[in-house]
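Asks: Given the coordinates of chain V, work out where chain F should sit on it, guided by the hints.
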Amino acid sequence: EAGVTQFPSHSVIEKGQTVTLRCDPISGHDNLYWYRRVMGKEIKFLLHFVKESKQDESGMPNNRFLAERTGGTYSTLKVQPAELEDSGVYFCASSQDRLGRFGYSSYNEQFFGPGTRLTVL
Amino acid sequence: LAKTTQPISMDSYEGQEVNITCSHNNIATNDYITWYQQFPSQGPRFIIQGYKTKVTNEVASLFIPADRKSSTLSLPRVSLSDTAVYYCLVVNFNKFYFGSGTKLNVKP
Numbered sequence: 001e002a003g004v005t006q007f008p009s010h011s012v013i014e015k016g017q018t019v020t021l022r023c024d025p026i027s028g029h030d031n032l033y034w035y036r037r038v039m040g041k042e043i044k045f046l047l048h049f050v051k052e053s054k055q056d057e058s059g060m061p062n063n064r065f066l067a068e069r070t071g072g073t074y075s076t077l078k079v080q081p082a083e084l085e086d087s088g089v090y091f092c093a094s095s096q097d098r099l100g101r102f103g104y105s106s107y108n109e110q111f112f113g114p115g116t117r118l119t120v121l
Numbered sequence: 001l002a003k004t005t006q007p008i009s010m011d012s013y014e015g016q017e018v019n020i021t022c023s024h025n026n027i028a029t030n031d032y033i034t035w036y037q038q039f040p041s042q043g044p045r046f047i048i049q050g051y052k053t054k055v056t057n058e059v060a061s062l063f064i065p066a067d068r069k070s071s072t073l074s075l076p077r078v079s080l081s082d083t084a085v086y087y088c089l090v091v092n093f094n095k096f097y098f099g100s101g102t103k104l105n106v107k108p
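The listed protein sequences derive, respectively, from chains V and F. Mapping of the first sequence onto my numbering: position 50 corresponds to residue 50, and the numbering continues sequentially without gaps. Mapping of the second sequence onto my numbering: position 26 corresponds to residue 26, and the numbering continues sequentially without gaps.
Only chain V is shown next, with the shape it has when bound in the complex (with noise of 0.2 Å):
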């Protein structure tokens, strides 16, 4: 089975210009996530995907940003326009859900995909 998908790889930008990431989730998961962790600190939630709705976007740094799940298959990010602190590593990840001990989905695995480093010269 194929895991979580990411591209590009690597994405070397000048500020102000813009640039869309994008995640295949694996086949079959309904929520997806991005995370992303930015000059070498934490990797940071960004914000969750239940089929093609926003579940919970507390983690968008500000309106520069904007996800999309058209469908509710793949997803993108699109950064626009980009600045320096943008730079960093997008992570994606992607879950089914389980039914957790409290009887909802408490309980779940996320899938990571490699990430996409993202370069804001």
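Worth flagging that the hints you see were computed from the coordinates, not collected in a lab. Don't take every hint at face value.
Keeping only pairs whose Cα atoms sit at most 30 Å apart, straight-line, the calculated BS3-like set for lysine-lysine is [to be verified]:
{"no.": "1", "chain 1": "F", "residue 1": "K54", "chain 2": "F", "residue 2": "K107"}
{"no.": "2", "chain 1": "F", "residue 1": "K69", "chain 2": "V", "residue 2": "K15"}
{"no.": "3", "chain 1": "V", "residue 1": "K44", "chain 2": "V", "residue 2": "K54"}
{"no.": "4", "chain 1": "V", "residue 1": "K41", "chain 2": "F", "residue 2": "K3"}
{"no.": "5", "chain 1": "F", "residue 1": "K69", "chain 2": "V", "residue 2": "K44"}
{"no.": "6", "chain 1": "V", "residue 1": "K78", "chain 2": "F", "residue 2": "K54"}
{"no.": "7", "chain 1": "F", "residue 1": "K3", "chain 2": "V", "residue 2": "K51"}
{"no.": "8", "chain 1": "V", "residue 1": "K78", "chain 2": "V", "residue 2": "K51"}
{"no.": "9", "chain 1": "F", "residue 1": "K3", "chain 2": "V", "residue 2": "K44"}
{"no.": "10", "chain 1": "F", "residue 1": "K3", "chain 2": "F", "residue 2": "K95"}
{"no.": "11", "chain 1": "V", "residue 1": "K15", "chain 2": "V", "residue 2": "K41"}
{"no.": "12", "chain 1": "F", "residue 1": "K95", "chain 2": "V", "residue 2": "K78"}
{"no.": "13", "chain 1": "F", "residue 1": "K54", "chain 2": "F", "residue 2": "K103"}
{"no.": "14", "chain 1": "F", "residue 1": "K69", "chain 2": "V", "residue 2": "K51"}
{"no.": "15", "chain 1": "V", "residue 1": "K54", "chain 2": "V", "residue 2": "K41"}
{"no.": "16", "chain 1": "V", "residue 1": "K44", "chain 2": "F", "residue 2": "K54"}
Only some residues are given here: those of chain V computed to face chain F with a beta carbon under 8 Å [what the hints assert, rightly or not]:
{"no.": "17", "residue": "E42"}
{"no.": "18", "residue": "F45"}
{"no.": "19", "residue": "D56"}
{"no.": "20", "residue": "F91"}
{"no.": "21", "residue": "Q110"}
{"no.": "22", "residue": "F112"}
{"no.": "23", "residue": "G113"}
{"no.": "24", "residue": "P114"}
{"no.": "25", "residue": "G115"}
Fair warning: this is a prediction, and the values are worked out from it, not measured in the lab. Positions of the beta carbon are idealized from the N, C-alpha and C atoms, including for glycine.
Replies: Same frame as chain V, but now just chain F:
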């Protein structure tokens, strides 16, 4: 989100058992304890998850005391390929908080 505290780094030798302890003092009733492993240039990879007592799988064991304010990941007989960053996460629903992780360095 419940945050976690774990050692920044640990050294070990091949063949040894490695125990990495994580504290999570403000863990909530609905939270699970999860450990991930990350190699350079790769995304994090799930190792093990538990709620209380002990959980064991083919790669690791997870020990969680009754108060659940800490947990210990145990890696039996590590090899050089276990050199990685290990993250302890407290998971509630779907939002993961990674923290800084523990960089494990396995020496020959």
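Asks: Give a verdict on every hint.
Replies: Going down the list of hints, with the structure as the test:
1. F/K54 with F/K107: 28 Å, holds
2. F/K69 with V/K15: Given that 30 Å is the threshold and the Cα spacing comes to 44 Å, the pair is violated.
3. V/K44 with V/K54: OK: V/K44 and V/K54 at ~17 Å, within 30 Å.
4. V/K41 with F/K3: 15 Å, holds
5. F/K69 with V/K44: 23 Å, holds
6. V/K78 with F/K54: 42 Å, violated
7. F/K3 with V/K51: 28 Å, holds
8. V/K78 with V/K51: 18 Å, holds
9. F/K3 with V/K44: Cα-Cα ~12 Å, so holds.
10. F/K3 with F/K95: 12 Å, holds
11. V/K15 with V/K41: 21 Å, holds
12. F/K95 with V/K78: 21 Å, holds
13. F/K54 with F/K103: Measuring from Cα to Cα gives roughly 23 Å; hence the hint holds.
14. F/K69 with V/K51: 34 Å, violated
15. V/K54 with V/K41: It holds: about 25 Å lies between the C-alpha atoms, which stays within 30 Å.
16. V/K44 with F/K54: 28 Å, holds
17. E42: 5 Å, holds
18. F45: This hint holds: V/F45 lies near chain F, its Cβ roughly 5 Å from the closest one there, short of 8 Å.
19. D56: 6 Å, holds
20. F91: With a closest approach of 5 Å, the V/F91 hint holds.
21. Q110: For V/Q110, the interface hint holds, since the closest Cβ of chain F sits about 7 Å away, which is under 8 Å.
22. F112: Result: holds, 3 Å to nearest chain F Cβ.
23. G113: 5 Å, holds
24. P114: V/P114 check passes; min Cβ-Cβ to chain F is 5 Å, inside 8 Å.
25. G115: With a closest approach of 6 Å, the V/G115 hint holds.
Checked against the numbered hints above, the structure breaks hints 2, 6, 14 and satisfies the rest.
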